[in-house]
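**Q** Next come the chains, spelled out residue by residue.
2 protein chains.
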Amino acid sequence: MFDTAIIGTGPAGLSAALTLKMRGKDLIWFGSDQFSGKVEKSEKIGNYPGVGMVTGQELNERFRQQAAELDLKVTDRMVTNITDMGSYFMLLADNEVYEARSVLLSTGVVASKTFPGEEALLGRGVSYCATCDGMFYKGKTIAVFCGAARYEHEVNYLADLASKVYLMPAYRPCGISRDNVELITSPIKEVMGTTRVTALRLGSGEELPVDGFFCLRGAIAPATLLPGLKLNGPHIETDRQQATNIAGCFAAGDCTGTPYQIAKAVGEGNIAAHAILDYLAETPDTK
Amino acid sequence: MFDTAIIGTGPAGLSAALTLKMRGKDLIWFGSDQFSGKVEKSEKIGNYPGVGMVTGQELNERFRQQAAELDLKVTDRMVTNITDMGSYFMLLADNEVYEARSVLLSTGVVASKTFPGEEALLGRGVSYCATCDGMFYKGKTIAVFCGAARYEHEVNYLADLASKVYLMPAYRPCGISRDNVELITSPIKEVMGTTRVTALRLGSGEELPVDGFFCLRGAIAPATLLPGLKLNGPHIETDRQQATNIAGCFAAGDCTGTPYQIAKAVGEGNIAAHAILDYLAETPDTK
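Residue numbers (my numbering), protein chains in the order written: chain A, 2 to 288; chain B, 2 to 288.
Hints listed in this document are in silico derivations from the structure and should not be mistaken for laboratory results. Worth double-checking, as some hints may not be accurate.
Identical chains blur together in the list; that is why a pair holds if it fits in one copy or across any two.
Claimed, not checked - Restricting the straight-line Cα-Cα distance to at most 27 Å, the calculated cross-link-like pairs of lysine-lysine (DSS-like) are:
(1) 139 to 74
(2) 45 to 26
(3) 39 to 22
(4) 74 to 26
(5) 45 to 22
(6) 74 to 42
(7) 42 to 165
(8) 22 to 74
(9) 231 to 74
(10) 190 to 22
(11) 26 to 190
(12) 190 to 114
(13) 139 to 190
(14) 139 to 22
(15) 39 to 231
Keep in mind the model is a prediction, meaning the values are calculated, not measured.
Chain A with its partners taken away, still in its complex shape (with noise of 0.2 Å):
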C-alpha cells in the first residue's frame, strides 16, 4: 500500500512528487519516465521563474535530472482504471493492480474526445490496454485507433494476436505495414454494438464489424479513469485544496483547467502535495 499514488509525469506531477519525496513518503509514479510531452515541444519558455529563457527540451531535461537528483523513480506504465476502495484506491495498470492510500491525477488534458459509444461499451468490447485485453482477441478482428507513434508497438502486438486488425492512427506517417493490418483513413463516427462491440461506423457511412476496438490514447478522460469524479466541463473540478470530489483523490495542472501553463502546473502540484500530507496525517490507515 502507497502513501500516494500521483498519475503523470508532467510539472504538475514533478513538483508535487518533489514535495512528497522530500517529505519522505512512499509514492508511486505513473508516466512517461521522458516526462511531458507538451512541455518538450515548447519552442521557448520565458516566464517560468529561476530558469531564465529555456526551450522545452532543455527544461524538460533539468526536470528529469531534478526528479533523478532525489532518486525519484518512474513507473511507465499507463494507468487505465482507478477504483475507489473506500479508505484506499485501487489502481490498474497495465494489468498490474496497485494500491495507495491517496491519488494525484495530474494526467494533462486529454485532446480528443471520445467516440460516440465508446465510454458506454468499455469493458464490453473496447478497451485501453493492449497488453491486459490483447490475449482476449486472439484470431479475431479488431479496430485500433492510434493516438501517437509511440504506442505503435502495442498495435504490432495486437497485430501477433488478431487475425486482422483495422487501424486508424491518429498522426502520419503511420510505420505499421503488415499483411493483417488494413489502414483506415475514414474517421470513426461510432462505437456501434448493445451488449457488445459489434462494429463500428466510420465517417464515410461504412460498417467495419469488428470482435473488439482499442483505444490507444496519451491518457484517459479523467471520468473514465476514476468514476465518479465531478467535472467541471472537461476539467476535473478541485477547490482551492486541489482537492476534489472525491475524498482521497487530488488533482492538478492543466487537467484542472486554464492556464495550460507550466508555473500553474507546478504551483498546483506543491498545493496538492501538501494537502496530501494533511489527509495522510488525518485519516488513519485502515487497511
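Please arrange chain B on chain A, whose structure you already have, making use of the hints.
**A** Using the frame of chain A, we list chain B on its own:
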C-alpha cells in the same frame, strides 16, 4: 494610467510580472529590488522544479537575472495605501501617487501583527511612511517601531526632524546611536489616544507621551493597505482565479494562504496574470 500595479517582488509578483510583460502590458512593479528576503534566507530549496537543489541566494539571484533579461524595472517604493476608485485604483507610495486599472497584491505574509490601537489611529498620529509624514513632526516627540535594519535610514531621517525619538527595533543589534534617540526594549502594548495618538503603553506598564508613532515594517496588513478587502483569517480571500472580493484586485503568493512555498506562489502569480489579462480585455478603460 498603468494596466497593472504589482505590489511585491517575491516569486508570485515575479511570475505575474514576467507573464504580463511578455504579453505587452504596461505595468508598474513595487517592492525591494533585491526581491524576497524570505527566499534569500532559505538555506536549501529542493522542491522547486527546474532548478535542482539550490540555496535561496542562488535562486533569488536567478529571479533577479530573469527580471533584468526581460527589462522588468522595480520601483523600490513602499505602497502604503490603495484606494479603489471604481474603474481604477490609486496607489500611494512614498508620497507619490500612481494610477492603475488593476492591482495584484503579492505582499507576502505580514509576520508581525498590528499593535492594539494602531489601525484605529492610522492617519491620526500613526504613520507607515517616514518620507510622507516626517515633516509633520518637526521639533516634536515621536516613537518609531523599526521592523528591520534596512529601515534605519528612515529612522535617521525622522531623527533629523523630531526633537526626540523613542526607538523600538524588532531586531538586534540596532545600528542607530544618536543623542535624541532613546532605545526602548520593553514591548509595545498599546497605541493610546482617542482623536489622536497621545502615548504608547509599554509592557513594563510605563506610558510614553508622544505626538506621533511610525511603524516601519516590511509589509502592511492587507486590509490596512486596501480598505474593504475580504480576508480569511490573516490571509486575503481569493477564488480559483486569484480574484479578491474587489473587482480588478487580485492576490497571489503567501498573502493568500498556506502552503508558504515558492512553487505555490509562482503558480498563483501565473494564474493571477492570466486573470488580469482577461479582466483588462473585458473591462473598458473608462478614464
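**Q** All hints are to be evaluated individually against the structure, with a verdict given for each.
**A** Now for the hints, and whether the structure bears them out:
1. 139 to 74: Neither, since 34 Å and 66 Å both go past 27 Å.
2. 45 to 26: between (34 Å within a copy, 19 Å between copies)
3. 39 to 22: both (24 Å within a copy, 23 Å between copies)
4. 74 to 26: within (13 Å within a copy, 41 Å between copies)
5. 45 to 22: So residue 45 and residue 22 pass the 27 Å test across copies only (15 Å; inside, 29 Å).
6. 74 to 42: Classified as within; 23 Å inside a copy, 31 Å across copies.
7. 42 to 165: Answer is neither: 34 Å inside a copy and 65 Å across each miss the 27 Å cutoff.
8. 22 to 74: Intra 10 Å, inter 37 Å, cutoff 27 Å: intra-copy only.
9. 231 to 74: The answer is neither: 30 Å in one copy and 43 Å across copies each exceed 27 Å.
10. 190 to 22: neither (44 Å within a copy, 44 Å between copies)
11. 26 to 190: neither (45 Å within a copy, 44 Å between copies)
12. 190 to 114: within (12 Å within a copy, 63 Å between copies)
13. 139 to 190: within (26 Å within a copy, 83 Å between copies)
14. 139 to 22: neither (42 Å within a copy, 58 Å between copies)
15. 39 to 231: within (25 Å within a copy, 38 Å between copies)
Figure legend: structure checked against the earlier numbered hints; hints not met, in rising order: 1, 7, 9, 10, 11, 14.
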